[in-house]
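> Listed here are the chains, written in short residue letters.
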Amino acid sequence: MKNKQMRYASWSLSLLFALGAFVFFAGYYCYHLVYQEQFQLFMFSFDYLAQTTHKPGGFAEYISRFLVQYFYTPWLGGLIITLLLSIMQRQVLSISLKVADKPAYIPLTFIPSLFYWFLLCDEHYMVAGIVALVLVLAAVQMYNTIRPAVLRIVYVLLMIPLLYLLAGGTCIVFALLCVLLEILKKEIDTRKILFFVVGCILLMLCAPLVAKAILPQYPLSKLWVGVDYYRLQQLFPSTIWFLWILIVCIPLFFRLLPDVQKTKHSFIWIGIQIVLLVLLSGYGISLRADWQKEEVMAYDYLIRKQRWAEVVEMADKKAPSTPLSVAFLNLALCKQGLMADKMFHYYQNGSEGLLPTFIRDFAMPMMAGEIYYHTGFVNTAQRFAFEAMEGIPDFQKSGRAVKRLAETNIINGEYTVAVKYLRMLQQTVYYKRWATQALAVIQDENEIELIPEWAELRRYRTKTDFLFSEEEKDQMLGILLQQDYTNRIAYEYLMAYCLLTKDLSSFFNYYPLGKEIQYRQIPKSYQEALIYLWGLTNKDLSAIPYLIHPEVMQRVQEYGKIYATYQKSEPMLGTQFSDTYWFYLHFRK
Amino acid sequence: MGKINTYLFLLVSCILLAGCGHSGNVTVSEELPPVYPDYTNVSIPYNIAPLNFLLRNKPGVVEIKLKGKTKELLIRDSYKVQFAQDTWKSLMEAEKGNTIKVQITAKVGGEWIQYAPFHWHVVSEAIDPYLSYRLIEPGYEVWNKIQLRERNLENFNERVIADNNLTDNSCMNCHTYGNQDPNLSFFHLRGATGGTILNRNGQLRKLTTKANELLASLVYGNFHPSGRYGVFSSNIILPAFHTYKSERLEVYDTESELYVLDFDKNRIIPLPEDTIPEKPFRTFPVFSANGTSVYYCEAPRVSLPDSIHQLMYSLHRIDFDAASCTFGSRVDTLFSASEEGKSICHLKTSPDGKYIMYTIADYGTFPIWHRETDLQMIDLNTGEINELQAVNATCSDTYHSWSSDSRWFVFASKRDDGLYGKPYFSYIDEQGVAHKPFVLPQRDPAFYDYTLKSFNIPELSKGKLPFDALDIERMYWHTEADTMRLMTH
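Taken in sequence, the protein lines are chains A and B.
In this text, residue positions in the first sequence follow this note's numbering: the first is 1, and each later residue adds one.
In this text, residue positions in the second sequence follow this note's numbering: the first is 1, and each later residue adds one.
Check before you lean on any hint, since a few could be wrong.
In silico BS3-like cross-links for lysine-lysine, where the CA-CA straight-line distance does not exceed 30 Å [stated by the list, open to error]:
1) A:K212 with B:K453
2) A:K397 with B:K453
3) B:K145 with A:K55
4) A:K212 with B:K206
5) B:K279 with A:K55
6) B:K453 with A:K335
7) A:K432 with B:K71
8) B:K145 with B:K101
9) B:K107 with A:K397
10) B:K342 with A:K55
11) B:K245 with A:K473
12) A:K432 with B:K80
13) B:K80 with B:K342
14) A:K463 with B:K462
15) A:K212 with B:K58
16) A:K432 with B:K245
Just the calculated beta-carbon pair ranges, DEER-fashion [as the list claims (entries may be wrong)]:
17) B:L32 with A:T436: 26 to 34 Å
18) A:F44 with B:E255: 46 to 54 Å
19) B:A481 with A:I359: 25 to 33 Å
20) A:E453 with B:Q310: 33 to 41 Å
21) B:V302 with A:T575: 55 to 63 Å
22) A:W291 with B:K210: 46 to 54 Å
Partner residues aside, some chain B positions facing chain A, computed with beta carbon under 8 Å [stated by the list, open to error]:
23) D86
24) A126
25) E154
26) N157
27) V160
28) Y244
29) A469
Simulated from the structure, these hints should not be mistaken for laboratory data.
Backbone N, C-alpha and C fix where the C-beta goes; we use that ideal spot for every residue, glycine too.
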């Protein structure tokens with residue numbers, strides 16, 4: 001780029017792009033990045049390095065996992081993604097300008113990075129893909145620095161197998177770009193070009209076949225691609241092909257499009273392209289970003305960090321609606337001592353919004369396991385963590401799950417296996433400190449008892465064995481409560497379960513079990529259920545043998561009047577009484 | 001010249017002694033060194049791979065003196081002691097039938113400590129040189145990566161013989177040999193185009209049963225010594241989850257029945273009809289070493305899972321005539337669960353016909369998750385039970401397999417951490433006494449610290465299997481299955 005103005009414009013545009021990417025990923029979409037971190041366990045050990053890099057594309061995956069571990073800190077994740085997208089854009093720009101010095105088309109070089117940005121809005125797209133592309137494009141940049149044609153060709157033929165080893169099938173982008181650039185350079189004759197192309201094709205075809213012969217345990221289809229672009233292993237999205245072609249086409253466009261640099265309107269051209277890019281960005285993000293998932297992931301992050309008050313604050317701003325986010329809110333309310341009073345102030349989703357049922361998946365059990373852990377179902381939490389880790393589609397381990405396995409084993413007194421997990425965590429960046437502290441603590445039972453969370457869970461855990469039944473969660477909660485009647489969480493979950501399943505006779509039977517908890521007054525939702533039950537068989541509500549707050553007494557009468565008067569009373573009651581148990585009982589599933 | 005030689009000798013000796021660095025400054029400890037894996041005072045076959053180990057207290061330098069009857073070795077290493085394979089082999093060959101004294105001196109925190117010595121008894125009877133196992137994480141219901149692998153016990157070579165990555169992520173059960181012969185084995189490969197993979201005379205076949213003819217899929221099985229028949233149980237298996245701290249998983253059958261498969265005629269022969277109205281649970285069948293009987297486990301029905309603690313299996317025997325492929329009419333009970341108050345499973349007859357080794361638990365049929373699970377063996381001539389006290393540990397010991405000469409057996413034990421099963425080998429001497437077991441040696445002695453896999457059903461074999469993961473991939477996707485037909489009574 002000889003034009004100084006254009007050089008400034010180019011850097012300014014890159015900086016603007018980087019700023020936009022950082023604001024988006026660090027500010028608005030950061031929980032998608034945090035989500036990525038929990039499905040890997042990067043360890044600083046030779047064994048881990050060897051295990052990751054022994055297959056084609058393994059090096060790119062190793063680098064990617066190294067970077068993704070920092071996604072534990074949301075803003076750092078955003079910064080890393082921004083850097084990767086920006087580097088790729090600068091690489092495409094550098095390669096394109098080598099083909100034709102037409103800086104008026106600089107905005108085109110943002111398209112591949114923007115495209116990957118859109119892809120990363122889907123939590124299953126992996127960072128390894130962009131790392132592989134950066135590696136491959138760096139090799140193309142290196143190619144551009146070699147002057148003698150013969151050396152260039154030798155370089156390409158040597159680099160294809162090496163890049164295949166480092167970046168997997170992504171090296172096809174390298175081969176295509178180098179062939180294209182070589183043709184455009186017109187420095188060697190057609191016959192030699194043909195030999196060069198045939199050589200590249202043969203190498204590209206042979207590399208996976210050789211890999212299959214050495215590593216028979218991998219499916220050939222997997223060896224063609226090498227790097228995990230997509231978490232769900234059985235899928236290789238066509239979008240990746242499109243992205244690869246796009247990267248190859250941008251330099252070609254530079255050559256084919258007319259040179260507008262010499263015209264007076266070059267800045268207008270750039271302006272039009274920028275406007276189109278901004279429109280494309282807006283459209284792409286609105287199409288690809290899943291804000292509902294981002295919300296669930298945000299709840300999950302706050303729950304994982306035990307930032308209960310922030311969960312409630314978040315729900316106050318926008319009430320959660322998915323079963324999992326409702327379940328997280330209920331846990332946070334319970335931990336804050338608010339569930340029995342306030343749970344019906346928020347949208348409720350039946351019993352699945354309380355204790356979600358296990359499904360064979362990797363994400364849901366990882367998240368839902370938090371609820372079982374904090375309610376005192378230590379073995380169930382352990383099972384959810386184990387199954388979640390086992391379910392990770394790309395066979396990685398999980399720092400979050402391993403930590404939970406260590407915790408639950410410590411609580412259960414299974415120190416030897418806990419030590420195994422803690423030793424693994426000691427080889428990580430973010431879990432090392434915790435693991436080292438835990439290793440020191442488990443030498444002494446008295447020290448463990450000094451950790452409030454573990455001591456409490458030990459106090460509440462079952463002292464007799466029973467088989468956990470997903471179909472009888474109320475009974476499971478009942479048995480848990482029987483172990484210790486001061487277990488407020490178990491009691492409130494049991495009562496909430498009865499209320500949410502509209503099993504009022506069980507609610508009434510279990511209600512007296514709460515006397516050990518010594519509430520200062522009967523919690524609001526219990527008052528509402530009790531007065532409702534009383535009203536079913538008694539005309540005189542004031543004769544109820546429980547201390548009902550006058551406001552509740554007044555509201556039930558108003559509610560009853562409207563309910564009895566209007567056939568379609570839901571909208572009217574909804575405006576005044578959506579925060580009551582009666583409204584849930586009559587109008588929610 | 002003589003003087004020069006003497007001075008040179010003295011100089012070299014000084015350098016060597018300085019290198020050793022602990023002459024005269026050694027604290028003698030009466031404790032055994034903290035070696036992991038625990039290879040102290042074990043009997044090992046002369047053809048085993050080097051017993052690499054590490055010291056848990058991570059000393060800076062370790063000096064190991066191995067002193068046998070004919071050979072002596074002095075090795076210096078880091079806290080991870082890894083023997084050169086050639087050196088190890090020649091030592092084992094030289095000390096066949098002898099005892100090696102292992103003396104460890106280690107520099108811990110700047111101080112040299114000489115630990116109490118331990119011994120390796122090098123048994124002159126070789127162990128079968130190959131071991132197959134299924135590597136799987138000890139999960140509950142979800143599986144992800146499952147591999148069957150074959151390990152050469154004489155070195156550290158290992159290869160994948162089946163991988164569910166290549167078979168549509170289908171589950172695969174453990175690999176079982178007949179007569180510890182590499183040319184006679186099977187495993188069940190689940191999935192849409194799966195089946196029982198039979199390796200017979202080096203030829204692979206895929207067997208399926210006609211839909212709904214059997215109770216459920218074939219599960220546990222064993223070969224007739226002739227290789228023509230296999231006896232299998234068909235089980236409907238359910239998991240349940242314990243909530244008590246050290247309990248984890250309960251796996252039980254809601255239905256189970258036995259069948260003999262005739263691999264020559266592609267037919268399935270059921271057990272004789274029951275005379276009692278309530279069909280009992282029957283599982284874990286094996287043929288006797290001479291093929292004239294079938295041993296199996298049987299339990300009366302109880303309400304499950306509520307009465308899981310009352311579910312107890314006994315050991316039964318029924319005659320089998322291979323010529324006519326028929327069962328006898330009399331059933332003998334060798335171990336009565338109601339009398340002993342224990343439940344029995346995982347039967348394995350020794351190739352010499354002397355013993356049946358089995359797993360014993362307080363209740364249930366899938367005791368790998370039961371802490372109390374131990375190995376026992378019954379002498380088939382005297383009926384005497386050997387509780388194998390030198391072999392069992394506090395955590396689950398099960399999934400055993402004999403070597404072809406009946407002098408060694410391998411089993412999976414969770415003794416290390418209570419969760420991850422590892423293959424242990426134990427020697428049985430002429431008097432039938434089992435010796436302290438040792439874990440499968442690995443090139444990196446820290447291997448077991450970092451692996452999250454369990455070694456399921458380790459089985460010994462006299463040779464290398466004639467197939468690999470690519471063959472199994474082909475079998476899964478491209479081979480038509482032979483359908484086995486159920487014969488009626």
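> Which of the listed hints are not met by the structure?
Hints 5, 6, 7, 8, 9, 10, 13, 14, 15, 23, 24, 25 and 26 contradicted; others consistent.
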